[in-house]
Amino acid sequence: MIEARDLIKVYGDVTAVYIPHIKIEKGESFGLVGNNGAGKTTLFRLILDLIRPEGGFVMSGEHYVMQNDDWKKYTGSYLDEGFLIDFLTPEEYFEFIGNVHGLTDGDLADFYAEFDEFFDGEILGKEKLIRELSKGNQKKIGIAAALMQKPEVLVLDEPFASLDPTTQIRLKNLLGKLRDDKEITMLISSHDLNHVTEVCERIVILEKGLIVHDLKTSGDTLRKLEEYFRR
Amino acid sequence: MIKYLLLQQFKETTRSPLFQKKVGANIAISLLILYFAVNLMALGFFIDILIIKKFPYESPILVFNGFIIYYLMIDLLMRFMLQSSPVLSIEPYLHLPIKKSKIINFLLSKSVFSFFNILPFLIFVPFAIKAISLQYSTFAVMIWLASILFVIMGNSLATFYLKKQIVDNPRIVMIFGLVLGIVSLLDYYNVILLTSYSSAIFQSILGHNYLIVLPAIFVGALYYLNYRFLHNNTYLQEISTKKQGKPLTKVNLPILEKMEEVGQLIALELRLIWRNKRPRSAVLLSLIILIYGPIFYPQKVYIESFGILIFVGIMLTGMPIVQYGGLLFSWNSGFFDSLLTNNISIEKYMKSKFYLLITFSFIIFILTTPFVYFGIEILYINLATFLFNIGTTSYLMIIVGMSKPKRIDLSRKASFNYEGVSAANFLVFIPLLLIPQAIMAPFYIFGNEYTGLAILAAIGLAGLLSNTFWLKLLAKKMLYRKYEIADGFRIS
Chain A
5 MIEARDLIKV YGDVTAVYIP HIKIEKGESF GLVGNNGAGK TTLFRLILDL IRPEGGFVMS
65 GEHYVMQNDD WKKYTGSYLD EGFLIDFLTP EEYFEFIGNV HGLTDGDLAD FYAEFDEFFD
125 GEILGKEKLI RELSKGNQKK IGIAAALMQK PEVLVLDEPF ASLDPTTQIR LKNLLGKLRD
185 DKEITMLISS HDLNHVTEVC ERIVILEKGL IVHDLKTSGD TLRKLEEYFR R
Chain B
7 MIKYLLLQQF KETTRSPLFQ KKVGANIAIS LLILYFAVNL MALGFFIDIL IIKKFPYESP
67 ILVFNGFIIY YLMIDLLMRF MLQSSPVLSI EPYLHLPIKK SKIINFLLSK SVFSFFNILP
127 FLIFVPFAIK AISLQYSTFA VMIWLASILF VIMGNSLATF YLKKQIVDNP RIVMIFGLVL
187 GIVSLLDYYN VILLTSYSSA IFQSILGHNY LIVLPAIFVG ALYYLNYRFL HNNTYLQEIS
247 TKKQGKPLTK VNLPILEKME EVGQLIALEL RLIWRNKRPR SAVLLSLIIL IYGPIFYPQK
307 VYIESFGILI FVGIMLTGMP IVQYGGLLFS WNSGFFDSLL TNNISIEKYM KSKFYLLITF
367 SFIIFILTTP FVYFGIEILY INLATFLFNI GTTSYLMIIV GMSKPKRIDL SRKASFNYEG
427 VSAANFLVFI PLLLIPQAIM APFYIFGNEY TGLAILAAIG LAGLLSNTFW LKLLAKKMLY
487 RKYEIADGFR IS
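Going down the list, the protein sequences come from chains A and B.
Here the working numbering is used: the first residue of the first sequence is 5, the next is one more, and so on.
Here the working numbering is used: the first residue of the second sequence is 7, the next is one more, and so on.
Check the hints yourself; a few may be wrong.
[Unchecked claim] In silico EDC-like links for lysine to aspartate or glutamate, alpha-carbon gap of 20 Å or less:
1. Lys-132/A <-> Glu-275/B
2. Lys-264/B <-> Glu-96/A
3. Lys-139/A <-> Asp-415/B
4. Lys-181/A <-> Glu-205/A
5. Lys-412/B <-> Glu-310/B
6. Lys-154/A <-> Asp-120/A
[Stated by the list, open to error] Stretches of chain B that chain A covers, calculated by requiring three or more beta carbons in the stretch to come under 8 Å of a beta carbon on chain A:
7. 186-196
8. 278-289
9. 337-343
10. 349-363
[What the hints assert, rightly or not] Here are some chain B residues pointing at chain A (derived, C-beta under 7 Å):
11. Leu-346
12. Tyr-489
13. Ala-492
Simulated from the structure, these hints should not be mistaken for laboratory data.
Just so it is clear, CB atoms sit at the ideal spot from N, CA and C, and this is done for glycine as well.
Next comes chain B alone, as it looks inside the complex:
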């Protein structure tokens, strides 16, 4: 029986959208994953040097063992936000004559094979090989890694249990983060001795290998706790993650009512963003990119390089367009047929999308204005790149959005969800970043950057002012392609 369950689990994974993709998107996503993996491994490999630099009089292994507790706490926090509950996947088995204990054991052991459980070993293994194996036997190193594996699995099971007990609420994560901050401060000023305990525990495991039973018992206890809970509550309603029924927000923008049909469509799209996790996080991500400002601007090397500042400007005001626009029509995949059969003109539909994109970019531009503190040229550059983005990138993203868009299930989670993402979503960054630099290149060389900036702004402005023409053209393209697009969006 377990054989069937495992086989079906394997099928579920390999048939998920992430694996069903075209080669292009897979390469792009794999490169991204590889990039982060290499970064983590490098961190693990060089962390002993970093520790020696920071704490020259202490043993790097001792310090590292002390910080494991922090890794675990951050891991727990991340899991709480990102780890999805696998409960629903057992629904089709519950009514079949399969022993309950089997289903539960399957459910729990399956959570071992999670992305989060592999991640830490990218750091821990290089460190173990490079630093620990110098002082301890290979056996001790293996035991140490095993103990790490146990506590990581413990974290996974703890998250599983806690998520069932506590209402899934972003505030919990914030409170947890706050507690983590306070604890670290107390630890830093030696009010509590968290790091010392942590290093004591893992240090003793290295010295007295039989102590591995402690983390093993820890995992076993958590496993039993989960098992008992699930055994007593195998009703889907009880074990699926609790959701808080939040009151519906109803915001009416008078300006949208004045815009009639286009306004209606924009209002619809705003509700879509507000009420669905994935589009919401796509929009919020473009706010996070504002961090580029405080990272780049205070550094003298960067602030003196026009090229870098253009790059930052294009990224800041272009990100909202690219983030949301990459899946511009996929967002509507669930009700595309409704848009096609009702009395909605495609031209106005396009217009609503365009207005939405340039409004996002405008909001980000307004938010970047305080960066003028770092120099007036930043304001000019961001204004020029903003105009360039709304006058060109917006159309580019409408075209990208129209090229074989895929269905997206809006009700699904936002993190690690690549449903609907294609290679074009990554490739679009190439023209986005290169074209403005190509336009600017002659002016960098001959030292007349502000003329280049004016040209960039003029191109954007021209694109913006001629929007009726471009949108008509794009609407025509859409009219021709709508069958293919609608077909890609349908389930049956």
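Bound-form chain A, shown alone:
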């Protein structure tokens, strides 16, 4: 579903990302871990065509992401607050995102019903602008908006950070269900090794822009990860 080849991104004289080849299959749940500056967000931005690579390419489905916009129709993503329109209310934002993806009013109502539990009464009907909400609630909105259009590809950068415990568990269950349905390709980065091993079937460790480990999640993956990061 997602494939990158000879992908290079350089900032100044630092190579932020260098990936000779990686392929993420359709329906795969792909976890990305690495310390600060490892290049996780940079890789996601390259996949979402938000930054120009110095070399190589990313393909989504049949197309190069740089040359064709079709992937936007089936890709939901949330990396940071730059994905939110903070002077809108949550409802206005969902309506806008829904509209650009061609959702009907009925679809929107279904979406609200589906995410009612996830929002936990903190998001809808508050008459508040997104910028007046807490970081955690902003993140809930971003994640929900990414899932709203029922994407085939989902890209989330540290989705668990700054969420409250209840929402973390709910999000973990939600992503676990999506993984089991095998209909969505998930790319998730996280600093929380527990969460990421629970949600993802495959985990890649990034260090200084390079892939140093590519693991299939099994019983002792968490132990291996902890060992790697202990150094």
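With the hints as your guide, set chain B onto chain A.
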């Protein structure tokens, strides 16, 4: 400790967007500031002549001292609108083991170094040197200037205090302005003797220098008032400026719904303007420029000059495009990534921007139609310049907006905020004003202005009708430049 605080304050200032700019924008902004500074100094230098002309039988110093009270009241009004509250900048220090009194003293003394406190001396110092020093000793002049400094600082502290007490509400400013108007009228008809009191006070300070203690006590009292208030309320929530939670306006325009994706984007942009101070004031500023009409049109010299009328027309209908368009993409800097990753075509995005710009210009054009009262040619000229602006200036501003736009924090204040402004925003006025005049020039010379006007209108119309072609071209440029633009907008 104070040393650290001052040093960090210095860093905050020098690292603010205003100082981080490229040379070009700095030169443009400095020239603008210099221009106003020279104007104020000239006013201060020649004000005695103006006073003698208006009040030939009175001492200019006496009259000037009488008007100081008005200066102070207008100063207070301006501060109330523009002076920002520095409270938030102490947030990172509150949880550290620094004495509260130190923080408060720092906060209060820092407000002395405000732009507003320098401004008056551009007028007062030239006047003191030229007029007052003729009659009084240098010492008395210094004392007089010191007393002015005290009352100005008093104003600054009073604003600080009042802003904490009263809800920050534009209506307060209007009421204050109204009161000011009524007081001046009463004073003018000698019902109250405000000017006399004012001149009595400052005149006595000139004569009896020890009276400087009065303004000094005034400042001291206000300082103490602020100090006590802050000392009892050093919780951010309590001391930050109160904001009225206003109900959200929800306006749905059916026409925008019909326009589908482009309409959605325009609706988004309209909400952006409505809910954020800075874009709102950029749009409102183009309404203020309508004053050009009543300034220029009634004057015979101007109304008979085609060149001036073209200039006015270009400015009136071009201002909304230039004002809003200068930061066309910067307005969206906070959510640009969202526009790029969602299912939004860049062509339609460009189209929404274009429609928005020409609609602003159209609204201003409609508002200028009453100026036909001054002569039918004004209507023709404004129509031609309007067409020229929407058919050319609009594209020009899209290009300017795309050239290395900077991030703007929409939630920040509107006045004296140059975040995101670059030299291009000033330089664009050169082609804007010169090109139409260059096109008209041969027709001025050979005396066939209306043909020139028709050509101006035709160029605009041609540009407008071929918008699909131009917007496609600009969308292509955007597609290529989007990485650089998005990169400039990101914080991390």
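We went through each hint and held it up to the structure:
1. Lys-132/A <-> Glu-275/B: holds, 18 Å
2. Lys-264/B <-> Glu-96/A: holds, 18 Å
3. Lys-139/A <-> Asp-415/B: holds, 17 Å
4. Lys-181/A <-> Glu-205/A: Holds: Lys-181/A and Glu-205/A sit about 13 Å apart, inside 20 Å.
5. Lys-412/B <-> Glu-310/B: Violated. Lys-412/B to Glu-310/B sits at ~43 Å, over the 20 Å cutoff.
6. Lys-154/A <-> Asp-120/A: holds, 16 Å
7. 186-196: With 0 residues close enough to chain A, the hint is violated.
8. 278-289: holds (count 3)
9. 337-343: Coverage by chain A holds for the region 337-343 of chain B (4 residues, Cβ < 8 Å).
10. 349-363: holds (count 3)
11. Leu-346: Holds - the Cβ of Leu-346/B comes within 7 Å of chain A, reaching about 6 Å at its closest.
12. Tyr-489: With a minimum Cβ separation of about 4 Å from chain A (threshold 7 Å), the hint on Tyr-489/B holds.
13. Ala-492: Where the cut-off is 7 Å and the nearest Cβ of chain A is about 6 Å from Ala-492/B, the hint holds.
Hint violations for this structure: numbers 5, 7, all remaining hints satisfied.
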